[in-house]
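Peer 1: Could you put together the complete structure from these sequences and hints?
Going down the list, the protein sequences come from chains Z, W, A and H. At position 365 of the first sequence the residue is numbered 364 (numbering that gives the first Met the number 0), and the sequence of numbers has no breaks. At position 162 of the second sequence the residue is numbered 161 (numbering that gives the first Met the number 0), and the sequence of numbers has no breaks. At position 17 of the third sequence the residue is numbered 16 (numbering that gives the first Met the number 0), and the sequence of numbers has no breaks. At position 144 of the fourth sequence the residue is numbered 143 (numbering that gives the first Met the number 0), and the sequence of numbers has no breaks.
Hint data in this document are derived by calculation from the structure and do not stem from the laboratory. Bear in mind the structure is a predicted one, so any value in this text is a computation, not a measurement. Ideal Cβ placement from N, Cα and C applies to all residues, glycine included. Worth double-checking, as some hints may not be accurate.
Unchecked claim - Some chain A residues near chain W, calculated using beta-carbon distances under 8 Å:
id, residue
1, N63
2, I64
3, I86
4, E87
5, T90
6, E93
7, N94
8, L95
As the list claims (entries may be wrong) - Cut-off 27 Å, straight-line C-alpha distance, at most; resulting in silico cross-link-like pairs (DSSO-like, lysine-lysine):
id, chain 1, residue 1, chain 2, residue 2
9, W, K230, H, K234
10, A, K198, Z, K271
11, H, K198, W, K224
12, W, K343, W, K234
13, H, K198, W, K269
14, Z, K230, A, K195
15, Z, K326, Z, K343
16, W, K155, Z, K380
17, W, K380, Z, K224
18, W, K198, H, K277
19, H, K259, W, K269
As the list claims (entries may be wrong) - Derived CB-CB ranges, DEER-like:
id, chain 1, residue 1, chain 2, residue 2, range
20, H, I263, W, K155, 46 to 52 Å
21, Z, T372, W, M241, 18 to 24 Å
22, A, E52, Z, T372, 56 to 62 Å
23, Z, K374, W, K155, 34 to 40 Å
Protein chains: 4
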Amino acid sequence: MKNKRKICIIVNSRANYGRIKTVLLALQSHPEINLQLVVGASAVLQRFGDIREIIENDGLSITNIVYSVIEGENPTTMAKSTGLAIIELSTIFENLQPDVVLTVADRYETLATAVAASYMNIPLAHTQGGEVTGSIDESVRHAITKLAHIHFPSTKLAKNNLIRLGEDPATIYMTGCPAMDIAANTDLSIDADFFKRYKGVGPDIDPNKPYLVVLQHPVTTEFGKGFDQIKETIKAVSSINMQVVWLWPNIDAGSDDVSKGIRIFREREKPKYIHFYKNFSPEDFIKLIANCLCQIGNSSSAIREGAFLGVPAVNIGTRQNGRECGKNVIHVDYKNEEIQNAIKIQISHGKYERSDIFGRGNTGKLIAEILATSKLKIQKKLHF
Amino acid sequence: MKNKRKICIIVNSRANYGRIKTVLLALQSHPEINLQLVVGASAVLQRFGDIREIIENDGLSITNIVYSVIEGENPTTMAKSTGLAIIELSTIFENLQPDVVLTVADRYETLATAVAASYMNIPLAHTQGGEVTGSIDESVRHAITKLAHIHFPSTKLAKNNLIRLGEDPATIYMTGCPAMDIAANTDLSIDADFFKRYKGVGPDIDPNKPYLVVLQHPVTTEFGKGFDQIKETIKAVSSINMQVVWLWPNIDAGSDDVSKGIRIFREREKPKYIHFYKNFSPEDFIKLIANCLCQIGNSSSAIREGAFLGVPAVNIGTRQNGRECGKNVIHVDYKNEEIQNAIKIQISHGKYERSDIFGRGNTGKLIAEILATSKLKIQKKLHF
Amino acid sequence: MKNKRKICIIVNSRANYGRIKTVLLALQSHPEINLQLVVGASAVLQRFGDIREIIENDGLSITNIVYSVIEGENPTTMAKSTGLAIIELSTIFENLQPDVVLTVADRYETLATAVAASYMNIPLAHTQGGEVTGSIDESVRHAITKLAHIHFPSTKLAKNNLIRLGEDPATIYMTGCPAMDIAANTDLSIDADFFKRYKGVGPDIDPNKPYLVVLQHPVTTEFGKGFDQIKETIKAVSSINMQVVWLWPNIDAGSDDVSKGIRIFREREKPKYIHFYKNFSPEDFIKLIANCLCQIGNSSSAIREGAFLGVPAVNIGTRQNGRECGKNVIHVDYKNEEIQNAIKIQISHGKYERSDIFGRGNTGKLIAEILATSKLKIQKKLHF
Amino acid sequence: MKNKRKICIIVNSRANYGRIKTVLLALQSHPEINLQLVVGASAVLQRFGDIREIIENDGLSITNIVYSVIEGENPTTMAKSTGLAIIELSTIFENLQPDVVLTVADRYETLATAVAASYMNIPLAHTQGGEVTGSIDESVRHAITKLAHIHFPSTKLAKNNLIRLGEDPATIYMTGCPAMDIAANTDLSIDADFFKRYKGVGPDIDPNKPYLVVLQHPVTTEFGKGFDQIKETIKAVSSINMQVVWLWPNIDAGSDDVSKGIRIFREREKPKYIHFYKNFSPEDFIKLIANCLCQIGNSSSAIREGAFLGVPAVNIGTRQNGRECGKNVIHVDYKNEEIQNAIKIQISHGKYERSDIFGRGNTGKLIAEILATSKLKIQKKLHF
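Peer 2: And the structure:
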């Protein structure tokens, strides 16, 4: 009897999970595959919304958990956490002996997965390679590409970038982004209890009234400026007289500064129209943004899922610099007036048409099938 | 008064040191520079020839040492050692606060330096980027390139590769390889006591008689095959009736297998003409290979310094696959007969003409000057 | 010229600092001593009140900082953080080469200091050995005693316990606790701006009106019960109609549960009389408790400094089980009614007489002098 | 259905294994127990004799392996390896969720097991507590005792020491040492191929002729003196005209010095009568020493198993200082003449009578039964 191929996937954050969930489900139900699911980093931390329950409610079994975040939320601990994750993941790989490891996107700790797997001669698959942005993610993403053996870019442009970066075209599969699968297959309607299912802090959000969504992460390469940056967003959002669903930032260096800005604002102003949340399930996140009047901040979801759903979006600052996007996004600087104006324009514009540059909703199964059957080669070579 | 720019360089192995020594000396004597020298990994281990004494004898001060090698010499511990080095180096950078960090070449643990520095928003300089080889080094080198902010390629072809990889040409300085500085400036003559200054094991080498040099490292991406590979080299070298200076392999995964092959051979055959050494100073290494009849194995020194010195060389296997080289090299497979034949051809050919593809001997000062004065920018962007 | 003795002290938390500050000051001004001050763990984290500014305002220079907390605040990460601290501290000791290392008290991460120093053959000094409590601290404290070479117990009973534990009496110096030095030498009066100098959250505290102080940490050996335990304290304190200064718990496993309890209470009740603080300077902490009507919770400060200052205290639960204490403490279970009753009794009793069981206020200089001159021996031996 | 109790045991070295093997076998065949066997540290390293094959040949399944040795063999890396082992073991415990963890004896890295388990509120069992020796082991052993919840001392005196150290007598089980089980139940005869089954280096040992056994480890608290110390032993042993079975030292700090002494001696003298081995199976080790004329060095096996088997032994230096022993041992200093004389006295004396101070051969089953059924309590308290 043939052994099943063992595919190990590392989920490190709430964002990671939404971007890989349909791949996980497709692999778990694939007859030729043995799925190994490792959950670590901020995905197991209360402070960032421990997502283990969400994962298990989706019917997935967690093989291993790992605590790998060294506290500090600064560039030093970002590096150290990556080092610790390499140590931890290599022991886990040593004991699980996967045939392929997949790492998702470009957050700083995903490089840990890439180093552990590639150094251990385990073929490394990578999603979202070839895209262009700002922040340290830009460096991390391309570094992972140079360590990876199979690429699943989300867009044609990204695929072309991978080829220009010297990757062997035979190892590049333009599958689209698995997050679009959820956008394509979720009933977008919101029921009356939608917001009550998530705790968070602040006054209740009425799903029948219009609301904005804000999600602004720190920019690691602008560390130290996050506090001033978020103040501009706060001023702009405060000036719009509307309900706001505000998501706490991720764990990148500078997260503390952003959170501090939000916390001081909360404490002083006790805003009557803003509710702060840590987390939504991937489907509920899709519903959340699909029904908002405008998404504000610098999350890639405004650009990726936003394009597919046609969500009017205001993208602030450099974090998404250079990222391919649809027509739904207005780019502005960290300036109150620019942000305000853009929000108003987007509200009055309303929904945009669907764009499928990031995929059409069939990515999970595509990737699973390729992982199940593709030939695997370890030795890389610059392919010019 | 202007603060001096703090430049931190990490030396992780004997090979590292020879490849960066003239940069270190130039920086130490530069009036605008404060040199921070960190010595770690195999460079502080007896088993691989602790080089701290050699460094201090060269008049350099060591700022910090760090033990970062997790024992096992397999792919798992190679990954883990890299993780540990990231943890250690980020604490060191946190306390030393360097303005620039420089990482040398492409050994697996040099990626640790690159991750720590780039994640901490410290501009990262890199030597030997853009070259092409086999082994995990191929992946590591290009991944470091994608994290680095200043590049010091050794050859024109390497420079072009960096540009094709999307690096900003304004950040690429074609300086040549600092190892050529030593090759260019060392008196190549060997005195009678040359070999007596180094211990090692085995019968004495007579510097007045012809000798071969062997240096064969494991290939990490062919882990598990090192024992068989080295046996072919042993057979071939044994068949030539000549003195042999044999250097122990480096610490890469598979080192144990190579060493075991050598050790079993030593124990069984007690070869009367082979002396095993751990280490030479950079200058003595240059003398050593400049005066041998043929250098055998898969060390890049046969290709780099060898080209400059015109040393006849036999390069075995895949480790240097695709590396640019001069006319002094014959490439063969891991096969006794092929190796034997090539050695014989090279012995009868004798010295080759100097090739300066890897530099002309002025690299150290060039790099030091650029590090002292170049503008430093943190945020990278794919430059196509 | 004789070299100065290098004494390295590790400060890991706000509580650590108050308990060793006068030793640090005495060492820094001692002509025969070179003080090395390492600040790490929760002492460099915003979330727990980064105390570096307080330390520097006291005129002390920080030699090294180290991020060693692995986030999670559970028993697993408590162990992992200790492992990481050992790795970090041994590199620091390797580079600082101290002649003596001193570790403070019994928090979980102090064992890291003890392991690193004792394994590295560096004489280890320890304060607060020989005392008895609950929580993991009880195990940690005695384990450190078995690794330590010089002991500075705080009480006669503790000294006797150390002798019974098989420590050589010649290595035990009954010096009292350095925290009493601050209690003895601080002007206890509170000015009008006292509370305004610290941010925190909640309504202003009026220093002219009576107030309570609450400080309740998790009990690691009762992990999982912290949420229920803190609810009882909240109920009891809420029932007393009085201003409350509430300090956030430390970083021990279970801290999340305690904080969550407090946070939910804050969010729901928006209490008008409670202000939450992260941190006070050691002197201000002394003033704070010296002027309160009653200190509530399970902090050792209620027992140690509280005894000296005669502060009426209610000690809740098992954390201080078996700790020697003065007459100022009433012990109660995790029960609303018991806590309420005890608070009322203490308020009506008012201040207690000074007890000097934990020292008389001259400890810092005593310890510094002993560290400067004592003979140091590495090899330990059970002394029965 | 009742869940089986999960017992996790960590084996870190060849010596560890012999001291716990019969417990492992008894647990594996116990109907109420689920055995989790973790093999790490030097037990998975070629250089110290990877014992995984021996373990599996004994019919035991390995649950997890872990690489935790940071190379350097000095006090700094001894500390760092312990830190790394804590990090690794806590992740392993987090994923295996054992009900009890058992740590063996007193090597430096066994403290890692003790810290990880006790901090994680997992009841910790410990063998060999309460004994007295030199080296860092003396500190480590008693520190583990203070963290442990169940004690399995080997001797009555050790049991009494545990009580005097303040351990609760109800948690102390005087079971003897499991190593005696092997001594009691192994057929002590040696066949003609005995020595041929183990490789090692040096001339063949003839099992029909008399031989000596040498096993001398570094003393960590005398780090830096190992080279001089081993030279005395080499001189003494060389002066006796007899076959010698010499075992390489363990991985303690200073191992390099001892090995270097042996290696230089081997290289210079090419001794015709000494064979060097890394490792024997527990049973073969018993046969080996049971049939030698005299065991020389500072291994505890000469004292423990040696007492039971009546092996004449010469114990050199401070490593076993104060350890309880039978009549079979002569203690000498690190001095050629003293060692020589003692060897001669022992050879002429011949075998000693059996002493059962360290157990009678029934320990494995005893410990297994207690682990299967004993009540487990987490919170410790000094018991005076």
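Peer 1: Holds or violated: K230 of chain Z with K195 of chain A, Cα cutoff 27 Å?
Peer 2: Roughly 24 Å separates the two Cα atoms, so the pair holds.
Peer 1: Assess, step by step, whether the Cα of K230 of chain W is no farther than 27 Å from the Cα of K234 of chain H, and give holds or violated.
Peer 2: violated (37 Å)
Peer 1: Holds or violated: 56 to 62 Å for the Cβ distance of E52 of chain A and T372 of chain Z?
Peer 2: holds (59 Å)
Peer 1: For the hint on E93 of chain A, does the least C-beta distance to chain W fall short of 8 Å?
Peer 2: Hint on E93 of chain A: holds, closest Cβ of chain W at ~7 Å, below 8 Å.
Peer 1: Please verify whether K343 of chain W and K234 of chain W have alpha carbons no more than 27 Å apart.
Peer 2: holds (14 Å)
Peer 1: Can you let me know if the beta-carbon spacing of I263 of chain H and K155 of chain W is within 46 to 52 Å?
Peer 2: Holds, at about 49 Å.
Peer 1: So, N94 of chain A near chain W? Judge it on the closest CB pair being under 8 Å.
Peer 2: Because about 5 Å separates N94 of chain A from the closest Cβ in chain W, which is inside the 8 Å limit, the hint holds.
Peer 1: Within a Cα-Cα threshold of 27 Å, do K326 of chain Z and K343 of chain Z meet the stated pairing?
Peer 2: Satisfied, since the Cα-Cα distance of roughly 16 Å is no more than 27 Å.
Peer 1: Between K198 of chain W and K277 of chain H, is the straight-line Cα distance small enough, at 27 Å or below?
Peer 2: Within the cut-off at roughly 24 Å; holds.
Peer 1: Need the status of pair K155 of chain W, K380 of chain Z: alpha-carbon distance at most 27 Å?
Peer 2: holds (19 Å)
Peer 1: Hey, does the N63 of chain A contact hint survive, CB to chain W under 8 Å?
Peer 2: With a closest approach of 5 Å, the N63 of chain A hint holds.
Peer 1: With chain W as the partner, please determine if I64 of chain A meets the hint condition of a C-beta pair closer than 8 Å.
Peer 2: holds (7 Å)
Comparing the model with each numbered hint stated earlier shows that hints 8, 9 and 21 do not hold.
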